[in-house]
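A.B. asks: Here are the chains, one letter per residue:
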Amino acid sequence: MIQIKGLVKKFGDRVAVNQLDLEIGSGEVFGLLGPNGAGKTTIIRMLTMLTRPTAGEIHINNCTLPADEEQVKAMLGIVPQHFNLDPDLSVGENLELHGRLHHMAAEDRKLRMAELLEYVELQERVHDKVQSLSGGMKRRLMIARALFHRPRILFLDEPTVGLDPQVRRKLWDLIRRLHSEKFTVLLTTHYIEEAEALCGRVAILEKGKLIALGSPEELRRRTGEYVVEWTEGDGRETRFFHDRSEAANFAGTLTLTATIRRSNLEDVFVEMTGRKVID
Amino acid sequence: MFQDISTVFWRDWVVLKQRMKTFIFSRMVTPVLYLVAFGWGLGRNVQVEGGSYLDFIVPGILALNSMNISFNSVGSPLNMSRLYHKTLEEYLVAPISPVAFVLGKILSGTMRGLISSAIIIVLSYLFGARFHVNIQFALIVTLNCMAFSGLGFVAAMLINSHEDMGNFSTYVLLPMSFLCATFFNISKLPTVVRTIIELLPLTHCTYALRAIGAGGNAPLASWINLIVYVLVLVGVSVWTMERVRK
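So the sequences go chain by chain: A and B. The numbering of the first sequence is our numbering, which starts it at 1 and goes up by one. The numbering of the second sequence is our numbering, which starts it at 1001 and goes up by one.
Don't read these hints as lab results, they were simulated from the structure. Heads up, some of the hints might be wrong.
Computed footprint of chain A on chain B, listed as stretches where at least three residues anywhere in the stretch have a Cβ under 8 Å from a Cβ of chain A [unchecked claim]:
hint	segment
1	1009 to 1019
2	1079 to 1088
3	1091 to 1105
Calculated cross-link-like contacts (lysine to aspartate or glutamate; reagent style EDC-like; alpha-carbon spacing at most 20 Å) [claimed, not checked]:
hint	chain 1	residue 1	chain 2	residue 2
4	B	1017	A	229
5	A	10	B	1242
6	B	1017	A	246
7	B	1017	A	128
8	B	1086	A	86
9	A	129	B	1012
10	B	1086	A	243
11	A	129	A	86
Nothing here was measured: the structure is a model prediction, and the numbers come from that model. By construction, the Cβ of each residue, glycine as well, lies at the ideal position given by its N, Cα and C atoms.
Kindly produce the complete structure, drawing on both the sequences and the hints.
C.D. replies: Here you go:
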């Protein structure tokens, strides 16, 4: 379990994360959703000890950061937003380095490499330099590397950013598989459909503050499950309803053409902040 | 700790093995040019301290070359790893101590410095230089390589652009290359300038190698100077690793 209490991160006068309280249960796929600059990556960086918090507490599986740093590092698998594979090493050497850094025995490293390269379907590329891999392959290799030392918690920071839709779906399948294997997954994303497709619960962030927390279904229910959308003047207008017939009745009263659709997390975000996740 | 140091070293060794031929040939270019220009060319008609100029400058070339190689073996790749490839994060999130990482990198830079020094020793003998090489000689070169690997580490962690890494070499290493008693005797320089130069590790490396090369012993002050630089730069390197997480 991950517990975050009163977490604050300031860079000079700028507050990147503002008094964040969160609890993420074991085996949960939890999403941090928000636009660029919402503080998602900073939260991941604090959880992974790449950045020290300005204030607040972080507890991971009964360990406290930064006091129990060594134990926590062994529990975490991290896939950052940017590709940070070693370009001078091959696919296999990147995994080998990770295993050595996590003090795995030589025999175990060998077995684990075969197992994980098969898992991410890269067994044919073991001797290839990482520079020769496609974006999707690099991301899969980064996931394999993060899983190499058998962590129970996986942090995925914008795992599908920059990937084409087909590769993105493949990665979603991989994340679903991790969930079925009882991994705790914390992922950040600014793709609404990704959060809806993968996450059991979502925290919506805006300018470092938590503005909503719950399952995608709950959040949509709170705002209204149906949206009537129409164009008036230069702008797009929306109104939320809890059932479809109310939405249809309202649409019938409009003199302009309106559409009725199910709401999504983007609507929740717009309703709460007045702006889109991707502006 | 030893396991972590060897892991950091292992990574750099794997990369070096792939490029060993290129590394060896590229490291021969500068010393050969120095030996041709200053040894055969200018040096033919010059006598220094009663001996040939070639014998005089070989310790200086060894000192400055091991400085450059060690600095650049650590500084440039680490700066790229921190700022561009972001591969440093892999070490920061792993359960290894900053001390182990620093020592692994410094040892790797030292190894490259020593390989290139061995190449220069062979080349110098081929050019006809006469000097003694023994354990003391190797230890001085090792300390010099460690000090400048450490300086490369500190620069890589504190300098925030690759261009400024180049500027650091231009403003710090290049003047040292020429002024630290490598190519001429500094005894005739103004006292203030000489005093500053005599605080620098490269000067002491050159003094020590020249003394050992001539069949004597390294001055105690040179041992102390180099050891102090190594310890201070390892300490500052560890501090920069802690600082990078703030």
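A.B. asks: For every hint, state whether the structure bears it out.
C.D. replies: Hints, verified against the model:
no., hint, result
1, 1009 to 1019, "holds (count 5)"
2, 1079 to 1088, "holds (count 3)"
3, 1091 to 1105, "holds (count 6)"
4, 1017(B) with 229(A), "violated (63 Å)"
5, 10(A) with 1242(B), "holds (18 Å)"
6, 1017(B) with 246(A), "violated (72 Å)"
7, 1017(B) with 128(A), "holds (16 Å)"
8, 1086(B) with 86(A), "holds (9 Å)"
9, 129(A) with 1012(B), "holds (15 Å)"
10, 1086(B) with 243(A), "violated (49 Å)"
11, 129(A) with 86(A), "holds (9 Å)"
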